[in-house]
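Chains as they are written, first to last, in my numbering: chain A, 39 to 695; chain B, 2 to 159.
Rather than coming from a laboratory, the hints here were simulated on the basis of the structure. Please read these numbers as outputs of a predicted model, since none were measured by experiment. Among these hints, one or two may not hold up.
[Stated by the list, open to error] Straight line, CA to CA, 27 Å or less: simulated DSS-like cross-link-like pairs of lysine-lysine:
no., chain 1, residue 1, chain 2, residue 2
1, B, K116, A, K544
2, B, K32, A, K81
3, A, K547, B, K116
4, A, K148, B, K92
5, A, K569, B, K92
[Unchecked claim] To be clear about the criterion: a stretch of chain A counts as covered by chain B if any three or more of its residues have a C-beta under 8 Å from a C-beta of chain B, and this derived list gives those stretches:
no., stretch
6, 148-157
7, 294-303
8, 678-688
Cβ atoms here follow ideal geometry from the backbone N, Cα and C, with glycine treated the same way.
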Amino acid sequence: MPDEKIAVYFCHCGSNIAGKVDVDKVTAWAAEQPNVVVAREYKYMCSDPGQDLIKDDIEKLGVDRVVVAACSPTMHEPTFRKAASDAGLNPYLLQMANVREHCSWVTEDKDEATEKAKRILNAQIHRLPFNEALDPIEVPVNPAVMVVGGGIAGIEAALKLSATGKKVYLVEKQPSIGGHMAMFDKTFPTLDCAACILTPKMSAAGKDPNIELLAYSEVEEIDGYVGNFKVKVRRKARYVNTDTCTGCGACQDACVVRKVPSEFDQGLGKRSAIYIPFPQAVPLRATIDPVNCLTLKGKKCKQPCTTACGPQAIDFDQQDEVLDLEVGAIVMATGFELWDPTPETRYSYGQLDNVITSLEFERISNASGPTGGHIVCKNGEPPKSVAILHCVGSRDENFQEHCSRVCCMYSLKFSHLIKEHLPETDVYECYIDMRAYGKGYEEFYKRLMEEGVHFIRGRAAEVSSVALTPEEEGRLIVKVEDTLLGIVRRVPADMVILSSGLAPAKDAKSVAQTFGFGCSANGFYLERHPKLEPVSTVTDGIFIAGCCQFPKDIPDTVAQAGAAAAGALALVDNATVKVEPTISYIDPEKCCGCHICVGLCPHAAIQCNEEKGVAEVIEAACKGCGVCVAACGSNVPQQRGYLDQQIFAEIEGAMAV
Amino acid sequence: MNDQFEPRLIGFLCRWCSYNGADLAGTSRLKYPPNMVPIKTNCSGRIDPTHVLKAFQEGADGVLIAGCHPGDCHYINGNYRTAARFPLLQKLLEQMGLDHDRVRLEWVSAAEGEKFQQVVTEFTEQIRALGPLGWNKQFHDEAADAETGAVEHEAVPA
């Protein structure tokens, strides 16, 4: 090796590293290592004075290789590489040694942490002489953005992006956009009518010339990389020509299959086999559900829908359509599912009438819902007493450990709505802790206390129909320990609302896999960094917003959607983006043309050059996994930035101490 | 210091899942033994048998390979290559007289800081129980013998 001039910088990170690692000792030791011309320690290397140390040494001492022993490269590698680059050093001649996340934070003993820090640092000192100057690959950026999910998060992100003049594809799997928010009656704590604040946005998204609305569509495949994604979207057949359908609804009135449980009404109302999910649907177009339509099931039907349809929009021969779209960035806003309380058998959901979920209550209390907004039990009578049970499927180690954040507040909203509709009705809220953390939330809680709602601090033990007294006869009995009074109470109720938690969508895991990022332990999409990059994923160019990331209320969802839109815009507003140059290359002089690598490449980035009898890497397609490097029997493919010599040198360094 | 054997370990971590899982263990301040030095690659599918052999040659007593869970690979199916190669690697090591438990393959996601802690802790104890390997000494001694011409090519001791 020629004489490299390596500089070592050891960061204290306040006491995060220096509290466990003897920084002076390691720095003094590093100064003695081969090729190291200077070794310094500093309180905060990421600060401007810290970065200036690196720059000065590059400029004044002619340092040509740098190792910064500090936090994870995920955190500050871009910071230090930028500093090196500013001083004229190729950024790929700088390596980080992760002595915080992988050492000081995980090691109990100070001496052991100091020794491990030396090994981690030495691996990089040994690696650096083999590092090559690399130039990031600059690729063009497609300015269009895809938003997946048409709830409030997706709608908001799409509108924000459209306002900047960008082309947006808004993909929604249901026949209409609107998501869960469209099902709600009022929103806490202001009691805004959900439809009044949502439908103008839905309508705007539907009419926006920059937004191509792909409702009743799902993403099937995604390929490509940041700035250049290729997405296959399946537009499911509605069996209705959406260009000619006017959304008049005559078909659904004419349909003979009228008793299909309405998804939008949580099964409490009925719809026809041809239907418009709700009056404010966007797009306002009919859809035939092939599972229930007699004609599509191959049964006999006089097809009164066809007769009723003025514009002759019904088309039983319509087929799914697969669209190939190209976008530069993607915003995932795929939402949540309400936790199904059936497994919590103690609450008798699905066993006893009038034990309902929160979303079912939203529909019951909604003026456009199955009861016309009258709060009534199954027999049509208004309840004299309602119990609302908090934390169903939340904060429960048997089901979901997390707090779903919105249930306390929507429960309070329910209490208010019940008291507003039925002032004589007794309302009981059985809660563990009242979490009223948002703007105006605590005030709303206080207001409800003044409205005469009974608050019982305790998680309900069971809901049964077992009466012990004549008064309990024929009613639902909620057994709950009032932990403030220290007694077990039996609350008779005519309606029990289960404040179910928010769960990840059932397909969240597979969707995340399709898009190339992961899920947290609780099943929600995993953000790149919980604090600094809460709307980014590990896949560059793919952002997340709303409840697919974690349960949150509408204000937070809208804010996050704006942040995700800004992230996408910051990318697609540029003509080009720089991607990591750590891709493979094949020396044609050495390649014997066995082509074993060709079939193994996950991205079809290696092709056979039959004329020359060699394999060739398609640089634009290679993503740098290195599978071909490990597969080649003759060791011909090499991966820039992860050369065999570099990995060998790291091993030597790590083992030499 | 007590005189129990402290194994020296190398851990190859894929950049997207396991390296971030290790970061999460750190951010969560989960403590585990300091014996393993992590080496980052983009994908576990980049790990070549020669990397593992090199680690043993340099004195490692055990080698961990950790990647994304099946289906979660950032490179679609790079980790399936890892999974397919791993039994071959174990077989190769057995033929060289090594206990195949000196290498371990684990799937650790970016959300599994606790799993990372548990894997490193268990693996450290596993290798501690197996005892030192000492390939570095053996190689260096053989190299020295070769220089003095004293080497005799006999069967490799098991």
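Structure versus earlier hints, numbers of those that do not hold, lowest first: 4, 5, 7
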